[in-house]
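**Student:** Read off the chains here:
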Amino acid sequence: MQAVKTARFFPICGERRRPWKEPGLSFYDSYSAVLVATIAGIILVGTAVIAAKLLAPFGRERGKDVSYECGMLPIGSNWSQVHVRYYLLAILFLIFDVETVFIFPWAVTFIDFPKYVFYEMLVFIGVLGLGLAYAWRRGVLEWGR
Amino acid sequence: MSEVLNPFGSEIFGIWNWLDAIIRVVIMVTVMTVVVMYLIYGERKIVARFQQRLGPTRTGPAGLLQSFADALKLVGKEDLRPKRADRWVFEFAPFATFVPVFITLSILPFAQDWGVRNLPLGLFFMISALGLEIVGVMMAGLGSGNKFALLGAVRAAAQMISYEIPLVLSLLAVVMIAGTLDLNQMALQQDRYPYVILQPLAFLIFFTAMLSELHRAPFDIPVAESEIVGGYFVEYSGIRWSMFMLSEYAAMWGFSIFGAVVFLGGWQFPMGEDWGWGWQLALTMGKSLAFIFVMLWVRATVPRLRIDQLMSFCWKVLLPMSLVQILANGFILVYGGPYWLLTLTSSLGAAVLVAIIMRQAFRRSSTKTLVGAYRTQLQVPAP
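Quick mapping for you: the protein sequence lines, in order, are chains L and W. Just so we're aligned, residue 1 is where the first sequence starts under my numbering, counting upward by one. Just so we're aligned, residue 1 is where the second sequence starts under my numbering, counting upward by one.
Derived from the structure by calculation, the hints contain no laboratory data. It is possible that some hints are incorrect.
Unchecked claim - Okay, derived cross-link-like pairs now, BS3-like style, lysine-lysine, Cα gap no bigger than 27 Å in a straight line: (1) L:Lys64 - W:Lys77; (2) L:Lys53 - W:Lys83; (3) W:Lys83 - W:Lys73; (4) L:Lys64 - W:Lys73; (5) W:Lys83 - L:Lys64.
On a predicted model such as this, the values are computed, not experimentally measured, just so you know.
One chain only, chain L, in its complex shape (with noise of 0.2 Å):
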């Protein structure tokens, strides 16, 4: 009965995956480079920065400190309306990218347990997906309104 059951569930993925090889570092020192490459790469925007304030010509004059706008002096406030549309698409990405982040676990261990896992999922995909189509059909997908 196991052997049928292992003939049935191609190992595609007992083929394809490799044991998981411990890491020579620790969860934490993995990190530790991230933290010298965050400080590295302050420190190479400041001296490019300092360099160009020692290097650079400085002159102050008049209109020198003008926003550009078309090179007509700018007209009115310097902010400028922006559509709502912006906002229904940023709630949007939220309730999406949340979604992603349900189905990142998900999707590295759900072949190691029952199929019911599998359907679960299917359920959460689905609510997301009516969603979808329902900000498709009140229209918030489009542009021009």
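Take the given structure of chain L and dock chain W to it, following the hints.
**Tutor:** Frame of chain L; chain W shown alone:
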């Protein structure tokens, strides 16, 4: 006892771990700077060839020193800050744009177990770090005190957050097959065939979303110089502007290596494990440069999209297709289907995607389609 007291592992205070990280990061800084300079040179040369021009020829043999000359010029250029700008937001935006991009380079595997560091959650970290870049873009746009910059930043934000979802979902389709988020492990699995053969649809979606995340043509609406001058970095000049360029090209390179590792087999396919690290390094570089060449090719060929086309393509085409792909993968994997079934379903999906793009591209234009979604706002004169 020390294990109990120190939950971070035994080496967190070890000086060798930190020294090792510092040396590797310094090497990475050097390599990245040189690669970015020659990417800029290469882009100018290749796009020039596409347009029947020569590109830079004067500085050095065949213009090879052009980028160095440009860098020197940019350091010696006046660094202006407009009066209306918010000082600190304006000045720190280049930092906030560059640092996330540089972090991503420090976690990519360039050869087997060789990179700055390999994270067990590499793919997840990569996506989250690249998503941080948008903070710098928003800072630049809001801090400049310029209408064009604000418009560019808002467009960039809308575009990047929208395309991030198909990007992540297409990567998740591969993660379902690979069963790991470790990039090194993922490359290791692709010894016989790369994942692009199993998941061509995911690869197409990934490539499209990648172009959009990097705002390369045809998705360069946020930085469209013929519409909103330069987008979010209109007000930047001199060295700060060059930092935006640096992070853009570094992101291009990092994204290409990332895509090469996930879809094209990274350092592994073909014969990476057998032929040693020199071949692995050559494979990584070759694949990432091939990615970049295709990006330049697309830039030279395809005209820019309108923003309504861009958004509807993302939300109405790419997102449903990537969701359907995840479901199809799930069914095949849970019921143990053979791997060619993955290839088959994904190829069918890829064919559908290409058909949709072709149908849109070769649609006959008329006043109705040209005005398209704007017809509610514009008063179109009767023909």
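**Student:** For which of the previously enumerated hints does the structure constitute a violation, in increasing order of number?
**Tutor:** none
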